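Under our numbering, the residues of the sequence shown are numbered 7 to 369, in order.
No lab work stands behind these hints, which were simulated from the structure alone.
Worth double-checking, as some hints may not be accurate.
Under the rule of at most 25 Å between Cα atoms (straight-line distance), these lysine-lysine pairs were calculated in the DSS-like manner [stated by the list, open to error]:
1) Lys20 x Lys82
2) Lys20 x Lys162
3) Lys258 x Lys273
4) Lys348 x Lys311
5) Lys304 x Lys247
6) Lys348 x Lys237
7) Lys306 x Lys348
8) Lys83 x Lys20
9) Lys19 x Lys162
10) Lys276 x Lys348
11) Lys349 x Lys306
12) Lys11 x Lys163
13) Lys304 x Lys336
14) Lys293 x Lys304
15) Lys258 x Lys311
16) Lys311 x Lys273
17) Lys226 x Lys293
18) Lys362 x Lys293
19) Lys362 x Lys237
20) Lys293 x Lys349
21) Lys304 x Lys354
22) Lys306 x Lys276
23) Lys163 x Lys83
24) Lys247 x Lys237
25) Lys247 x Lys349
26) Lys336 x Lys293
27) Lys226 x Lys306
28) Lys237 x Lys273
29) Lys357 x Lys304
30) Lys293 x Lys306
Note that this is a predicted model, so its numbers are computed, not measured.
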Amino acid sequence: MNDKKQKLLYGFKKRLLIWATAFVFSYIFIYLVDPFSYKELIGKSWYYILEDVLWILFFSVIISEVSLLIDYYLDKKISWNERSIRRLIIQTLLQIIGSIGIVILINFIFEMCSDTTTSDYRKEITLMGQWIATNIVVSLLISAINTGNFLLENWKKTALESAQYQLKSSEHKRAAMAAELHALKLQIDPHFIFNNLSVLSELILEDQQLGYEYSESFAKVYRYLLVNSKKDTITLDEELKFLNSYIYLTQKRIGEGVQFDISVNEKLRKFLLPPLALQFLVENALKHNQTSKSNPLKIKIYTTKDDYLVVLNSLSPLISKVESADVGIKNIISRFEFLGDKKPIIIKSDKDFIAKIPLYEDK
Numbered sequence: 007m008n009d010k011k012q013k014l015l016y017g018f019k020k021r022l023l024i025w026a027t028a029f030v031f032s033y034i035f036i037y038l039v040d041p042f043s044y045k046e047l048i049g050k051s052w053y054y055i056l057e058d059v060l061w062i063l064f065f066s067v068i069i070s071e072v073s074l075l076i077d078y079y080l081d082k083k084i085s086w087n088e089r090s091i092r093r094l095i096i097q098t099l100l101q102i103i104g105s106i107g108i109v110i111l112i113n114f115i116f117e118m119c120s121d122t123t124t125s126d127y128r129k130e131i132t133l134m135g136q137w138i139a140t141n142i143v144v145s146l147l148i149s150a151i152n153t154g155n156f157l158l159e160n161w162k163k164t165a166l167e168s169a170q171y172q173l174k175s176s177e178h179k180r181a182a183m184a185a186e187l188h189a190l191k192l193q194i195d196p197h198f199i200f201n202n203l204s205v206l207s208e209l210i211l212e213d214q215q216l217g218y219e220y221s222e223s224f225a226k227v228y229r230y231l232l233v234n235s236k237k238d239t240i241t242l243d244e245e246l247k248f249l250n251s252y253i254y255l256t257q258k259r260i261g262e263g264v265q266f267d268i269s270v271n272e273k274l275r276k277f278l279l280p281p282l283a284l285q286f287l288v289e290n291a292l293k294h295n296q297t298s299k300s301n302p303l304k305i306k307i308y309t310t311k312d313d314y315l316v317v318l319n320s321l322s323p324l325i326s327k328v329e330s331a332d333v334g335i336k337n338i339i340s341r342f343e344f345l346g347d348k349k350p351i352i353i354k355s356d357k358d359f360i361a362k363i364p365l366y367e368d369k
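With the hints as extra help, turn the sequences into a complete structure.
Structure representation (structure tokens):
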């Protein structure tokens with residue numbers, strides 16, 4: 007409400023300034039055209055002088071409003087950014103035509119309402135010519151001031167948007183770097199490597215074919231991390247293929263302590279999301295919850311009609327809490343902010359943790 011009042015007050019002050027400018031320049035130009043016109047006021051009563059001032063003010067207000075109306079109309083029809091020369095020519099012509107039309111119209115009204123007639127048509131035509139010239143100059147001046155103000159405001163707006171875009175770009179780069187760092191940490195994490203190599207060695211002793219399949223999934227995970235961690239976006243289909251390898255390693259390591267349920271609309275597989283976003287949410291669920299055969303961690307991944315990918319996991323918090331996931335969640339949100347207006351939605355209840363991440367159509 008206060009912003010609206012401030013805008014109205016700013017608009018009113020701007021109007022008063024334009025009227026005052028038109029009034030001052032009208033008088034200046036009148037005396038430039040006819041330097042001795044002031045003699046007509048000598049010896050006249052204050053009432054006559056006040057009437058003359060009010061008429062000049064009236065003309066100034068009318069010509070200002072018509073000039074602003076023309077500019078306002080053209081702002082909607084012809085952009086300065088796209089057709090500047092055409093806009094300048096059309097605006098100038100309309101301002102001249104409008105100025106001439108105002109003088110003719112007001113003069114016609116005066117003649118219709120006045121009972122007096124004059125035989126000195128030369129003087130009347132000269133006076134009308136002076137008024138037309140004055141109105142044209144004032145009209146073009148007001149238009150120039152208004153256009154300059156418009157272009158200045160537009161430049162300030164563009165500069166602000168550019169600064170905001172650069173800030174978002176910088177934030178996105180930081181988020182991307184954090185995600186890349188996370189991927190690098192995962193690559194060299196001794197626990198991750200040790201756990202998977204331990205499982206691999208056991209599988210090789212039990213079943214060489216199973217050991218081979220495990221090593222292939224292990225290689226796919228690292229290959230994906232190396233190739234895609236630096237990308238801005240990746241298709242959901244590629245992310246799911248990587249996740250399948252990651253899930254395979256997880257299930258072989260944890261066993262029946264975790265259950266996955268994946269249901270994805272085939273049409274959305276070509277949609278985009280930041281790489282490792284889905285893997286992070288799954289890893290986050292594994293990191294902060296117990297995984298036991300008697301009480302398995304349930305992770306459900308599915309898509310919605312409004313183009314969101316949902317990762318839902320049951321809550322079974324660890325007895326000894328690990329480092330908070332808030333930083334990682336904020337990282338995910340910041341990476342999505344760069345991609346569009348839709349933002350991830352995080353919902354935590356007593357039983358479930360739900361993360362809804364938007365998918366973007368490839369254009």
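Subject >> Violations among the numbered hints, reported as their numbers in ascending order >> reply: 3, 15
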